[in-house]
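Chemist: The primary structure of each chain is shown beneath.
Number of protein chains: 2
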Amino acid sequence: MAEATPVPKTCKVVMAETIAKNLLAEVKQTLEEMQNKGMPQPQLAAFLANDDPHAVKYAEWSKKTCEENGFKFDLRTVDKELLEDEIMSANQDSAVDGTIVYYPIFQSNPTHDKYIQETVALSKDVEGLCHTHLQNMYYNVRFLDPPANLKKSLLPCTPLAIVKILEYLQIYNSILPYGNRLFGKTITVINRSEVNGRPLAALLANDGATVYSVDITGVQVFTRGQGIKQPRHQVLDKEGWSVENCLPLSDVIISGVPSENYKVNTELIRDGAVCINFSSYRNFDGPAIKEKASIYVPSVGKVTIAVLLRNLLRLIDNRQPSEPPKTES
Amino acid sequence: MAEATPVPKTCKVVMAETIAKNLLAEVKQTLEEMQNKGMPQPQLAAFLANDDPHAVKYAEWSKKTCEENGFKFDLRTVDKELLEDEIMSANQDSAVDGTIVYYPIFQSNPTHDKYIQETVALSKDVEGLCHTHLQNMYYNVRFLDPPANLKKSLLPCTPLAIVKILEYLQIYNSILPYGNRLFGKTITVINRSEVNGRPLAALLANDGATVYSVDITGVQVFTRGQGIKQPRHQVLDKEGWSVENCLPLSDVIISGVPSENYKVNTELIRDGAVCINFSSYRNFDGPAIKEKASIYVPSVGKVTIAVLLRNLLRLIDNRQPSEPPKTES
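As you go down the protein sequences, you meet chains S and P in turn.
Our numbering numbers the first residue of the first sequence as 1 and each following residue consecutively.
Our numbering numbers the first residue of the second sequence as 1 and each following residue consecutively.
Calculated from the structure, these hints are not laboratory results.
There could be a bad hint or two in this list.
Stated by the list, open to error - Dumping the calculated DSS-like pairs for lysine-lysine here, alpha-carbon to alpha-carbon at most 27 Å:
(1) P:238 with S:238
(2) S:80 with P:238
(3) S:21 with S:302
(4) S:80 with S:64
I would like the entire structure built from these sequences, with the hints used as guidance.
Modeler: What follows is the structure, encoded as C-alpha cells:
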C-alpha cells in the first residue's frame, strides 16, 4: 500500500493593507458626500508626549495615511506635564474634530494615562477610550442617545480593527444572526490591557465567541452572558490555566505582547488555526507559523488607522443633530 | 564653663480621633439642620469586592462611625465581576446618596480600578475620585457649576483629611491669605498614587507649599504655578533625587507606603519636623521619631471617615437646586 502524499501546507498570509483598502474606500465615499455638502476638511489633533519609537513611527504613518485620504493631521509634540492643558484646549477648539494621544506616557504610572484618556472630551474621543465609550462597548450598547439612537457610540480602534479583520477573513459567519456571528468559535487573545486586549475579548464574547484572555497574571474566559438590560459578556477566572492550555483549543489566536522576546509556542497551535499579530513585535515565529496556520495576519496597524478615520467621520456625524447616521456598523 | 543642659525633646503625638471630633461636630450640626427640614437619613452604599484585611477593617470601622453619627451605611459584599453592574444600580437608586468602593480590587491591573472609579456617577461620588472631581482639584476649581458656583466640587477623602490635619496643626498659617497659607513650607509626600499621594501633593502645592513627591520611580517637585485660567501647580522631575535628598529639607513629612517593611529614615529628618503617617502600616520608627519630630500623627483613618461624611452632606446639598451650600471649605 502506497503511503498517502500529504497535502502541502499552504498558509495564506493576509496583509493589513489589503483589508485597510476596503475600509478606506468606504471612508473616502463618506468624506466626499460630506464635502459635497460644503463641510470643512476633517482635522485630527494628535498629541505626542513620549519618545517611544513605536509611537513616533505610528504617528508619522498616521499623518501620511490621513493626508493621502483627505484629512488634516496636526501632530503636536508636547511636554507630558503640559499635555492635560493642551488636550483641554483642543476640546474647546471647534477646528479640531478628533483628538488622538499616543500612549504610554506615564510609564511608571498607567493609571495616570487613564486619567489623561478621560481628559479628552467624549465628542472628540476618536479613539473610543473615554469611559462612556468603553462602558457602552462592555455593555454592548451601540448608541450614545437612547432611545433616539442617532449618535453612534465609538469602539476603540485596535479592537475594532481586529473585528474588521475577522469579518474580512470570514471568521464572522454571516449566515448566523448579527450579534452572534462568532458563535461556536474559540479564540485566544494574548494581552489584557485596558485599551486593547480586554476590550477585544469583550467584543468577541459579545459576538458569541468563547474567548480565553491571557496575560502574565493568568487566564480568564469571556463568554456571552445575559445581563439584566442588555446581553453582556461574563468573565470567569480559569484557575491554574496558562496560555499552553488555551492554544490547542483555539480556532483563532490573536497576540499583542509588546516584547521582542515573546513568541507564541507554534507547536501548541492547532493545525489550520488563524493567527493574528497586533504587537509592534512579531509574536509568531515567522517561518514555522506558516507550516501550522491556515491564515496569518502579521500586523494590523494599517487597519487601525483606517478605523480611526472611520471613527472620526462618526464623531462629525454625531455632531449633526438633525440627520440620521450615514454609515453602518 | 558648665555645659548647657539640653532642652528635653518633647514630641506632641496627635491622634486622628481628636481632629475627627471637630469635623464630626460640624457634620452633626449640618445633619440636624437637614433633618429638621424633613430630609431623610443619608445613606452610603459601600462596595467590598476584595478580601484585603485593611479594606475589611476600614469598612467595618466606617460602618460603626456612620451609624454612631446618624448615617445609614449599607455594606455590600459583591463579586468583582459583578461590581460594575452593582455600582450602576446604585447610581440609579434614589435611596443611595453616596457610593464608596474599597480599592484595590483588580490588583494586577490598576487601570481597571480606575475604570471602576469612573463608573460611579458624579452625583454619588462621595470619595471625590471621578474624573471631573479630580480634574477640578488639579486645576484648583472649587465648583461644578460655574459661574453660578452653588455646587461644590468634592475633594478626595484621604488627601482632604490630611489638609484638615495640617490646618488643625496650624501648618496652614491663617495669617496668610486663603489659598496661599502653606507659602514658605517645604513638604515631602512619600506615595504618588492617583488616589492619595498625587492629589495630596497637588492640593498642598495649590495652597503655596513646595512639595517633594516621592515614589519608587523618583522625585517630582510640585509648586504653585500660574495657569492660563486658574492658579495651578506645576510639576518638575528632580533628576537623580531620592527621598534622602528631600527629608533634610522638609518642614513636614507625610508618608503612605503600604508596606510593613518601609520606614522613613529618622536620622535624615530635620529636628522639629512634623510627621504624618497615612499608611495602614507604621512608616515612622515609633520610639525614634518622637526624639526628632515636633508633632507626630500616627494615623489619619478617623479623619478620613469624618471627611467622607462631610463629603456626603455636600453631595446631598449639591442636589438641592435652589439653596446655596450650607458648609464652608
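Chemist: Each hint: holds or not?
Modeler: Tested hints:
1. P:238 with S:238: 44 Å, violated
2. S:80 with P:238: 15 Å, holds
3. S:21 with S:302: Distance of about 9 Å is within 27 Å: holds.
4. S:80 with S:64: Between residue 80 of chain S and residue 64 of chain S the Cα gap is close to 24 Å, so the pair holds against 27 Å.
The structure fails to meet hint 1 from the earlier list, while all remaining hints are met.
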